[in-house]
Each structure stands twice: as structure tokens, then as C-alpha cells.
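*Asks:* Given the structure of chain A, go ahead and fit chain B onto it with the hints provided.
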Amino acid sequence: MSKLNKIAKKSTWVDMTAFVDVSFLILTFFMLATKFKPPEVVKIENPKSVSSDKVADKDVFKVTFDNEGRVFISFSADKEGRENAQLTAEVLGRQKGLNLSPAEISTFIKFSAGGIGVPVGQLKSFLALSDEDYKKFKQPGIPVADTLNNQLNDYLNALITGKGGKKPANIMLNGDNATKYPYFKNVLTAFKKNGIFSFKLITAMEGVPVGTPLYQKHNAEAK
Amino acid sequence: MAAIENTSGKRNIRIDFAPMVDLGFLLITFFIFTTSLLEPKAFGLHLPDAGDGTLSPLSSTITLTMHANGAVDYLEGNETNVLAKGTAFLYGKPSLREHLLEKRKRIIAQTGNDEQYTVVIKPTAQTNYKEVVDVLDEMTITGIKKYVLMDDKP
Numbered sequence: 001m002s003k004l005n006k007i008a009k010k011s012t013w014v015d016m017t018a019f020v021d022v023s024f025l026i027l028t029f030f031m032l033a034t035k036f037k038p039p040e041v042v043k044i045e046n047p048k049s050v051s052s053d054k055v056a057d058k059d060v061f062k063v064t065f066d067n068e069g070r071v072f073i074s075f076s077a078d079k080e081g082r083e084n085a086q087l088t089a090e091v092l093g094r095q096k097g098l099n100l101s102p103a104e105i106s107t108f109i110k111f112s113a114g115g116i117g118v119p120v121g122q123l124k125s126f127l128a129l130s131d132e133d134y135k136k137f138k139q140p141g142i143p144v145a146d147t148l149n150n151q152l153n154d155y156l157n158a159l160i161t162g163k164g165g166k167k168p169a170n171i172m173l174n175g176d177n178a179t180k181y182p183y184f185k186n187v188l189t190a191f192k193k194n195g196i197f198s199f200k201l202i203t204a205m206e207g208v209p210v211g212t213p214l215y216q217k218h219n220a221e222a223k
Numbered sequence: 001m002a003a004i005e006n007t008s009g010k011r012n013i014r015i016d017f018a019p020m021v022d023l024g025f026l027l028i029t030f031f032i033f034t035t036s037l038l039e040p041k042a043f044g045l046h047l048p049d050a051g052d053g054t055l056s057p058l059s060s061t062i063t064l065t066m067h068a069n070g071a072v073d074y075l076e077g078n079e080t081n082v083l084a085k086g087t088a089f090l091y092g093k094p095s096l097r098e099h100l101l102e103k104r105k106r107i108i109a110q111t112g113n114d115e116q117y118t119v120v121i122k123p124t125a126q127t128n129y130k131e132v133v134d135v136l137d138e139m140t141i142t143g144i145k146k147y148v149l150m151d152d153k154p
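Protein sequences appear in the order of chains A and B.
Going letter by letter, the first sequence gives residues 1 to 223 in this note's numbering.
Going letter by letter, the second sequence gives residues 1 to 154 in this note's numbering.
Just chain A, with the same shape it has in the complex (with noise of 0.2 Å):
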């Protein structure tokens, strides 16, 4: 310092005070607006619609395919979410003798949140994961496209026999852009055959179109 104040005249020092204020404003602004996003163990392109209505995001199952048409099932991480998961497990380890330990039903229910995807054959094997290989695992996909053995629907049915015959409050469908329709259509089957006939598709929102009759529609609630 003392060197470079003798060949500089005037100090450099700049007021950094405002900058910091600007700094933490934004950074105020980014935290609050941040929702963390759960674990997603594949990457789903959702499509567009007009459609403006929330995705809730309490007791949710969810049903996921992506481009390849891998279907994964996964529940809600609240309380609700995670009840129905535990009975899913109950019931389809009873019903298959795949004879789940108490250890294993809690991983089935810990996984979940993030996205299961393997054929109830592989389900033991697959609840044995660490954490980590959770994550490196590439899981196959629930078997939907043979119709004869549409694995979805032991799923779906273990799910609902659980409930008592109750279905899930939300139920979502999230799907990947590419996806062929045969694999939708596959899923559609196993819930149909469970008798969910009501469901939701997530969807990015998208505007609405110019002079269409939506639009009119839109306009005259407005007004």
C-alpha cells in the first residue's frame, strides 16, 4: 500500500455499501421466490397447454413417463403421500409373496418421493440400494407395454386394494414430449382398469391464443 500511494495520487477506494444492498436485495428476492424442486431421478420436457390451474402438491401420486417409455410411480413426500406408499408396498409385497421387511417398506416409502421404476420381480432387489446407488441406478421402467402383463396395473391395484378402495386425492400424469402414444395409451389401460377415470396431465403453461373462442371467453370473465 504504502508503495502504490506514492506513485498514485487519489485513493481507489470505492463505496461498495450500495452494491451490497442492491446484492442482497436480489438475493432476498431469489430466496424467497425458490421452491425447491424434489429429487427427480428422470428428466421429463412437459408439453404446453392453456391450462392455468395449480398442480397441488399435497397427497399426489404420481405417474411419470419419459421419452424412452419408462413409467416410474411416486408419492408425495407429506404425510398422506407417504401413507399411501407404505400400503402400496404392503400390499403388493402380500400379494406378490415378495415378503418385504419393515426395513424394506420404509426405503419403498423413501425412494418413492423421488421415482420408482422397476418390475415387481426386480422390487426386492432394488429396495437392498444405498442412497447413492438410488441415484446412479438406472431403473428399467414399470413393464407397461405388453397388455397382458401391464405391471402399472399390480401398482395401481395394490395402491387402491390398500386404500381400502379409495383412490388417491391427486393423481398426475407427467409425461415427456416424445413420448410415443402407445406407452400414454398403455398407462391409460391400467387406469382405466382401476377405475380411475379422472386424473390430471402436468403441463408448462402456454398463452392463449389470439381471437379464439377461449380468448373471447377469457376476455368477457374479465370485463
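Fair warning: there could be bad hints in the mix.
[Unchecked claim] Taking lysine to aspartate or glutamate and the EDC-like style, the derived pairs with C-alpha atoms no more than 20 Å apart in a straight line are:
no.: 1; chain 1: A; residue 1: K43; chain 2: B; residue 2: D73
no.: 2; chain 1: A; residue 1: K10; chain 2: B; residue 2: E39
no.: 3; chain 1: A; residue 1: K166; chain 2: A; residue 2: E90
no.: 4; chain 1: A; residue 1: K48; chain 2: B; residue 2: E39
no.: 5; chain 1: A; residue 1: K180; chain 2: B; residue 2: D114
no.: 6; chain 1: B; residue 1: K130; chain 2: A; residue 2: E90
no.: 7; chain 1: A; residue 1: K180; chain 2: B; residue 2: D73
no.: 8; chain 1: A; residue 1: K58; chain 2: B; residue 2: D73
no.: 9; chain 1: A; residue 1: K96; chain 2: A; residue 2: D154
no.: 10; chain 1: A; residue 1: K217; chain 2: B; residue 2: E79
no.: 11; chain 1: B; residue 1: K130; chain 2: A; residue 2: D53
no.: 12; chain 1: A; residue 1: K54; chain 2: B; residue 2: E39
Rather than coming from a laboratory, the hints here were simulated on the basis of the structure.
Bear in mind the structure is a predicted one, so any value in this text is a computation, not a measurement.
*Replies:* Then chain B, alone, in the frame of chain A:
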């Protein structure tokens, strides 16, 4: 700041805020990357229960067979009694939306209302999920109340 300098008088108390700014922006960057401002939206879909179904008048029914890349074959009437047929596109011209709106005008001109206007959507094996959702979305956009998602029988 000035007040502090004057009262203490002895030393010039100045804190270097640069590291704080660094830290602040580091955190901002982190939150920017983790934030998803665009929340996903839910799109309700109701499937019909298997049953006898209802018949809709021939002149008010249009069947859309979906092919790849948003190409849609439309067929007015039914297979044995074709009133009109052709191809429209979801993402191009001739636009499917315009055709559906024009069809409604014809139905209203014929029967006075569009209560019976029914659209049958038949995706095929080449259809992407995106296109299926876009066609269903098209129903919301054009305000069509009766539409069915059906398999294309080979």
C-alpha cells in the same frame, strides 16, 4: 459512516465490502439456478367409462386421426358416410384450429346450436404425447365441450 468517523476521530473505520458482495452474488447465482419461477400447471383429463356410449349426429361429428409431426386427418361423418375429409396441421397450414372453428359455424348454421358438436380423437403409434396434449388443448381453446380420446383400430 460520517457520524462514526467524527465521533471516534482517531482512526478511519472503513470496512471492505468487496468479499461480502462476492458472497452475495455467489448466493444469488445459486438461487437463480435452483429457482423454477415457471410452476407446472395441471390439465384435467376425464376418460369415459367403458359402456354403450352415446350416438352423436353424423353431421356434427368429426374424427381426427393423428399422424406424426402434427399432421391430422379429419373425417366428417363416419367411415361409411363420409361428408368431408382432408388433412390439417397442428403447427402449420391449413390449420386444424381454423377447420374446427369453421366446422362449428357450419353446425350452427345447420342446427342452430353447437351442443352436438363432437370430436373423436384417434392418436396412432407415431403420435407423440406432446401432440396428443396439444390436440386436447385445442379442444379447450376452441371451446369444444364433447370430445373423446379413442384408439385407432387397425
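*Asks:* Hints first: check each against the structure and report whether it holds.
*Replies:* Comparing the hints with the structure gives:
| no. | hint | in the structure |
| --- | --- | --- |
| 1 | K43/A <-> D73/B | violated, 32 Å |
| 2 | K10/A <-> E39/B | violated, 51 Å |
| 3 | K166/A <-> E90/A | holds, 16 Å |
| 4 | K48/A <-> E39/B | holds, 12 Å |
| 5 | K180/A <-> D114/B | violated, 33 Å |
| 6 | K130/B <-> E90/A | violated, 35 Å |
| 7 | K180/A <-> D73/B | holds, 18 Å |
| 8 | K58/A <-> D73/B | violated, 41 Å |
| 9 | K96/A <-> D154/A | holds, 9 Å |
| 10 | K217/A <-> E79/B | violated, 34 Å |
| 11 | K130/B <-> D53/A | holds, 19 Å |
| 12 | K54/A <-> E39/B | holds, 8 Å |
The earlier numbered hints that this structure contradicts are 1, 2, 5, 6, 8, 10.
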